[in-house]
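*Asks:* Protein chains in written order, with this note's numbering: chain A, 1 to 321; chain B, 1001 to 1328; chain C, 2001 to 2558; chain D, 3001 to 3321; chain E, 4001 to 4332.
Just so you know, nobody snuck in bad clues.
Taking lysine-lysine pairs in the DSS-like style, the calculated list, with each CA pair at most 25 Å apart, reads:
no.: 1; chain 1: A; residue 1: Lys315; chain 2: E; residue 2: Lys4083
no.: 2; chain 1: A; residue 1: Lys314; chain 2: E; residue 2: Lys4083
no.: 3; chain 1: C; residue 1: Lys2496; chain 2: C; residue 2: Lys2472
no.: 4; chain 1: D; residue 1: Lys3153; chain 2: D; residue 2: Lys3175
no.: 5; chain 1: A; residue 1: Lys301; chain 2: A; residue 2: Lys314
no.: 6; chain 1: C; residue 1: Lys2172; chain 2: C; residue 2: Lys2139
Which bits of chain C does chain A cover? Going by a derived footprint, with three or more residues having C-beta under 8 Å, they are:
no.: 7; stretch: 2247–2253
no.: 8; stretch: 2369–2383
Calculated from the structure, these hints are not laboratory results.
Note that the coordinates shown come from a computational prediction; the quantities given were computed from them, not determined experimentally.
The C-beta atom is built at its ideal place from N, Cα and C for all residues, glycine as well.
Listed here are the chains, written in short residue letters.
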Amino acid sequence: MKLHDLQVELGLDNLQTDGLLHRAPAPLRVFLADKRGVAGLLILLLLTVAALGAPWLTEFPPDRMSAMPHLPPDGDHWLGTTRMGKDVFAQLLYGAQASLTVGLLAGALATLIGVFVGMCAGYFGGRLDDVISFIVNVALVIPALPLIIVIASFVDSASPMVIGLVLAATGWGWTARIIRAQTLQIRHKDFILAAQLLNEPWWRILAAHILPNMLSLVVSGFVLTTIYAILAEAGLEFIGLGDPSAVTWGTILFWGQQNSALQVGAWWEILPACFAIMLTGAALVLINFTVDEIANPLLRKRRGEKAVIAYLRKKGLPVND
Amino acid sequence: MRFILRRLGFYCAAFAVALTLNFFIPRLMPGDPAATLFVSLRGRMSQQSLDAMRAAYGFDGSLWDQFVAYVIRLLHGDLGVSTVNFPQPASEMLLYAAGWTLFLVGVATLLSFVVGILFGMLAAWRRGSFFDTLFTPVNVMLNAFTPAVVALLLLYGFALQLEWFPLGRAYNIDLEPGWNMAFMGSVLYHSVLPLASLVIIAIGGWHLSMRNTMINLLNEDYITLARAKGLSGRRILFRYAARNAMLPQITSLALTFGFVLGGALITEVVFNYPGLGKFTLAAIEKRDYAFIQGQLLLLTFTVLLANLIADLLNLLLDPRLRDRSELA
Amino acid sequence: LALTASVQAAEADQNRIHGGELVLAPTQTNAHVRNFNPYNFSVGAFYAQDFIYEPLWIYNIAHPGQDFPRLAVSFETADDLRSITYHLRPGVKWSDGQPFSADDVVFTFELAKSHPAFPVGLDIQSDSNPNGLIVSMEKIDDLTFVARLSKPSALAHEHIGVMYPLPRHIWKDVQDPTTFANPEPVATGPFTEVRSFSMSQFKVCRNEKYWDAGKPYIDCLKFPQYSGNDQTMLAARAGKIDWLGDGMSDPEKTYVNGDKHNKYWFPAGANANLHLNTRKAPFNSLPFRQAFSMALNRRFILDVATFGLTTETQFPIGTGELYKDWYDAQALQPYRYLMEYNPKRAKALLDDNGFVDRDGDGWRDNPDGSSIEFKLAVPSGWSDWVNTMMTVSENLRDIGVNAHLSTQDESTWFAGTTQGDFDVYIMWTKPSATPHGTYSLMFATDGLAEGRRLEQNMHGMVIPEINQALDKFAQTQDRTEQKKWLTQVHKQVAEKLPVITLFANPDWYQYNDSRFQGWVTQDNPYVRPMLHLGVPERGVHVLNLSLRKEAAAQVARQ
Amino acid sequence: MTSESALLRMENVSLDFKTGTWGRRSVLRALRDVSLSLRLGKALALVGESGSGKSTCARLLSGLHQPTAGDIYWRGAGLGQRKSKETAAYRRSVQMIFQDPFSSLNPALSIGYQIERPLLANGVVDNAADAARQARILLERVGLHPADETAAKRPHELSGGQRQRVAIARALAVKPEVILADEPTSMLDVSVRIGILNLLLDLKQEQGIAFLFITHDLASARYFADDIAVLYGGSLVEQGDSEAITQNPQHPYTRLLLNSIPGAGDNPSTAPAQTDAPMRQPDAKGCPFVHRCPQALAECREVMPALRQLADNHAIRCHLY
Amino acid sequence: MTDVLLSIRNLCVDYLTDAGVARAVDDISFDIRAGEVFGLAGESGCGKSTTAFAIARLIRMPGFVSDGEVLFEGEDVLRMDAKRLRAFRWAQTSVVLQSAMNALNPVIRVSEQVCDAIRAHQRVNEDQARSRTRELFALVGIDPGRLDDYPHQFSGGMRQRICIAMALALRPRLIIMDEPTTALDVVVQRDIIGKISALQREFGFSVLFISHDLGLMLEFCDRIGVMYAGRLVEAGTARQVGEQPAHPYTQALLRSFPSLCGPRRRLQGIPGAPPRLTESIAGCAFAPRCEKAESTCLTQTQALASLTEGRVVACARVSRPLVATTQTAEVS
Ligand SMILES: Nc1ncnc2c1ncn2[C@@H]1O[C@H](COP(=O)(O)OP(=O)(O)OP(=O)(O)O)[C@@H](O)[C@H]1O
Ligand SMILES: Nc1ncnc2c1ncn2[C@@H]1O[C@H](COP(=O)(O)OP(=O)(O)OP(=O)(O)O)[C@@H](O)[C@H]1O
Ligand SMILES: [Mg+2]
Ligand SMILES: [Mg+2]
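In isolation and in its complexed conformation, chain A is listed as follows (with noise of 0.2 Å):
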């Protein structure tokens, strides 16, 4: 069969026709090219519309009162109002504009000092290598817990921003170690070596010709430690560790749960936070499947993949085997 008519009936005969998206860097046409990805990041930019809409989208304050408590939905609450008598919509919006802001902080910080100290750690190597291996397991020991009280009892109370630099200072651990490993797999390609020999200086090629070379796992770090501090940061205001006056999704739930909301059944006290949460986590989790993707084209779910397995059926002839 000839090579056309077999693109013809695969229907993939005119794919490089869509202008705009073939100009896109490759690592960006690919993600542009997954529906997860896109979704996920569309999930990401509605929330965050939505958080910085927030004093549009709703007339009613977040911290005050605005009518009867434990009002079920209805067309003024949308979703209702909390035990004392706040709108939980407006806390809804409200609260993702702290708690998105707290989660990219934290995840932007550790990734940060993650990278940074990882990368150090790979390409210098020796008593460095062993000196920041060290710090870095130690990290890793230490609990966020205690931390947060301790530094909150420096600055007065645990706000959102406090818990996030915490998380971001105990939650840099494991992007070093990944990113240590896998400087330490770059560090001695011939490309690294040329450069060297080259005379770039150090700086430089850390920045310039490493971590370029990293992109994905740096930016699947930042994503998957953003995930871990907003659902840390939630939970951590869940079980009381936080400034229960800041509105956050995570201190949404812990005066659901103080007041009981579930049991006196006011689900939509509860359920919104825990539905945004879910939300926010599967958005991050739908983009980092896609950069995985991008950093390993074996990964790629392949476009026609369904017509060519149709078409081999009908003509009999072998699918992997």
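Place chains B, C, D and E with the ligands on chain A using the hints.
*Replies:* Using the frame of chain A, we list chains B, C, D and E with the ligands on its own:
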């Protein structure tokens, strides 16, 4: 040998540092155990008693003296006295909680590992199949759910509404603890929901990493060769591919196991499970220094041990790694 | 009402059924520890006091004058008010058969005196406490002892009755009573035999040698371990706990509708007040404090922030419903306005006294131009109080005062109570047999050094008139005389406003009456009904409980 | 070949590696008493079987390893006691081309960037615009037209031969005087190989660059190099004019090598039974080839033969001569 | 020739890539006879391995055989059911892969890997399989005492010999060797080719030998096919192809090897690069790089045309004159 010695030395040093941090972190927290006793009694104790109590707990003298005393006690294997359960030795409470945590989180870790690995293998082997396209993203998304939410939902759904499972605890407290069927059955029955809440969110991670490793591996020449040899699919999968794909997973499993004794705080809190996470939280809230120190010590120890084991496992399982070289 | 209650209890006596295990949750813990030292406040006291060990005397705080003599039957105060003599109950035996005598009481006193870390709760004069009231105790005969006082006091009984005597023949061999776990308690209380102890549950069963023949009706007390509110409430809602005292925000929905036998009653308890740091601006200004008080929407706090479970306090005097018998309503009426929500008047008051916005940032400033910005400290887990403080901050902001909430981990928060560098704290009052105890702590002058406070006198004000009135109170046993002096105290508090009065906290009390009868109810409130440590009346309460017929039949069938 | 005319010279150099499993440690002598010299505008080919130490020689010369014994002389001056400034200058003068064009170019960076960087880092030009212009010239020079288009690409968009050309252009950027080419064509297709070799030939002739050309293909060595040195087991066993070595090989190993080449016609009578790399402890005695040598003498086991001059430009280490 | 063992007919193999369907093997047909060594030559990426894999039915997604037949003794391998396929593999066709380094599973002992192949097809117990493995090791010249070592403990040449031993385990009729020696030293390569030749003479199996080293191929193969961009451009006996290359591509290829003897001349190589496989090529795929190309070469499909018995070429420019010359040669 030198490698192992070097690692050992390294771990000892890390341990010493952690030991020191363990002493100072709790003490940097404002408040002290005596004062928290007072708060929990809402002030039903005189200031004089309180001051005397502080001395009885051993919190007088300089921090340095206390540190020296702590190290000396540690060297004698004495973790000190719990102030939440004064004057119970902290080690007793620690052991009790550690046992339950080891059971709950240990089993959950193993279970999610085994299930996740199998799922991952299946998804990679039948790549693009219904199972893979549906379960892989779903499993992985579950991974991003908070234990708080999952545990709460399970509790309210299956324990409170449907009443299929108990509301919490590790076993029916009217039973005498012992190695008998009734008690163990009760332990299993009580562990179903907490286990589920832990396993559900952990499977995805293993699933995905196994799947990805496997997909890479299935492109290796030795898999092609194994297929060419006419081996059965099962044999290729379990003998030729799984084994290599398991190497990195086993390393992560070892590392994950290091954190088992960190407990599963939220699950334990929600299900009133007598695990280390919950005990530690209480100890932190009540400033039970001895317990916090003990727990941090335990955690440090197991994490470092797990690291060491992971290092050794790698050497043991991967014959290639046994030959290393370096520049003179 | 109260009179009928005790009568009813006595009259029902003959047709009471013996037996049954009462399930109760007096405290929360992660694991039970076998410790029955009644003076170990980490563990033992929660179970050992009142159930295993009995005090000399149980004050009926809800019904003054109808106290329950326990190991003591009577007392006389000397005319010079410098000593007090007690007569012990004859025929009381320790659970190991040894007779109880004045030796045990004196021994316990001496033990406490020589071990300051062993907090028996007596106000003993010692090196560490030179202002203590009780100097010594002496045995007169086997059933009589006398306590000598450091200064004349008519209220010494309030301090001595609370003592839980320890068996000398056992404790004299104990090396350090502080760390003694007392795993097999020998005591005189109604329940002394510890059975099937595990970290998640234990039982304490009846003392066959209990002095009050025929009592208790119940065979055993069963203490399952619960580690948190959520868990306790789930079990309680399912009707699995007979008696508990847990904070809950919506009892009808979270408790009562779980089981038709689930009942609750939240009588008014001690007050919650705001302590302003009166040693610094702007809190050192009386008009500011008055405006502060008037700015608060107490109605909202009562109904919404504290879920309608708290009780209104009528006068700005720091105590409320619990001591309402002591009020002189007429004398206090002029101060009522301070308890009413009146932001307009508050603003006007501030304006008049120079608390106006001077730098144009939208917030009021001190008359000297320095800006006002302060923190309202509250422990983060205490949700009703957090709600309250949130409302307070909103109310203050509404009148232009820049106050914000500062939630802290509870130990951190508590550590702050003794430092003196705070702005505003919310604080409980300590209930005692008479309001005297509460006020004398609130206006204690010790612990008021620079940078130091005690948790009850955080406001930091010294009002000599109050201390004088309290001294007078202590020197008479005549109720009307006492009341007169107390009114002096009340008026001074309302006048000077050292604390901002909020509301009376609820005393948490829930029970399930499917198996047992004889409960304290709102209709028959014969004692304060709470289960927690520090309510000795629970010892009386538990003795009045017995199996219901239906439940007894069920027990028999099993 | 006299040492005076040598640009870069390596004299009696030995290099040890620590190797071994956990438990058993040993020292491997990668190079034993090797002397080489590179001359202006001349190419020296280094041939030998895998593991014989060819790459190690190149790495030594590039400064990536320090010799255990002996020294390297750059324009007559020993490298043993260099300062870091001199290191930079030396690195500039001695460049390396790696075997694998796939790993010697950084996959994350554009071709243009990878050539402009060394220009800037070594001060060859001092602004970005010049660097870009210079880079285009270099790309044209190695036959990558149109240069602009190539500069914008990333390595994965180029074929292996094109990549190797880029690597050469990058090495040329710093105007080196010596190029160490470690099997620069072995990963390339036959049809492309000649193109690269021709390019290197031109560079040698036109710019007078001295080459160390590592290969295991004697025919390529003959095609490109003026002299050939044969390494076996870390020792230099035969060295001389490339015609002399290929037409008149003397050492038994060189003969074996030549006879093994397909199409060489001869029946490989000397085919050895054992092809494992010989033991190379530092204290090993005798000729490394003795175990495979069909003409081995008793003394071969005891004494390492000295380098003997056979002809004007032909030396050998063998007891047979 | 009558005893055709393997007959490939119009085989097309494609890969699904980001840029669409890429044709790696384009309508290839050739035969391998019993007992002969058939060589497949061509530059990297021209589809040699793909062809080999398709014959052993080892192509997996993203690759797929889109058309054609692979007839092994008349039976179409591509249409075998799963059971028949498993029986066919290794017992009748075994493979030796290019890189022995990766062809052996690094964490499994070599003995097990060889025994596995035996026990998947023959009902023998462990001991029998092991003793058979020992024999095989001896056959390829490896100390049977090292049976239980791991792959990384062997040198590259030894590993390759282990792979060959494994391929011989079931005495298959056909062994596919995909560049079995490229990763090796010349000396070792020589040794291994010698070994294969000896074994092939001894056991009489056929070999499909893939390499890009024409020199090696000319020496070792009976017949040679030359591929370019997925197509077979020329096939004939080794001698014919080596001495009288007919296709311009083959000619250029042969010219690209520097020589060890004779005068040192500057060689030319082949300019340009192979075409993209995702695009349909109308005419001769080599035309853009061909110095003899004419405009029709770019547009007209060049089918394989028979020159002489067993000799085929796909080039419009050279086929006719060449036929003539051969004929004349024969005549004379
Ligand atoms: N970093 C190192 N550590 C230990 N041994 C090494 C190291 N680098 C090289 N060797 C050893 O030194 C010897 C020479 O290696 P080298 O890479 O120079 O060989 P080569 O001739 O270049 O081989 P090839 O043709 O395979 O590239 C080998 O035995 C090798 O194992
Ligand atoms: N998994 C794959 N996905 C996409 N394209 C592939 C894949 N495998 C091979 N190809 C393409 O198929 C074509 C033929 O590849 P094949 O491996 O058969 O070449 P080859 O002739 O064996 O080359 P080499 O000599 O380098 O081994 C190549 O152009 C290659 O890019
Ligand atoms: Mg090399
Ligand atoms: Mg190939």
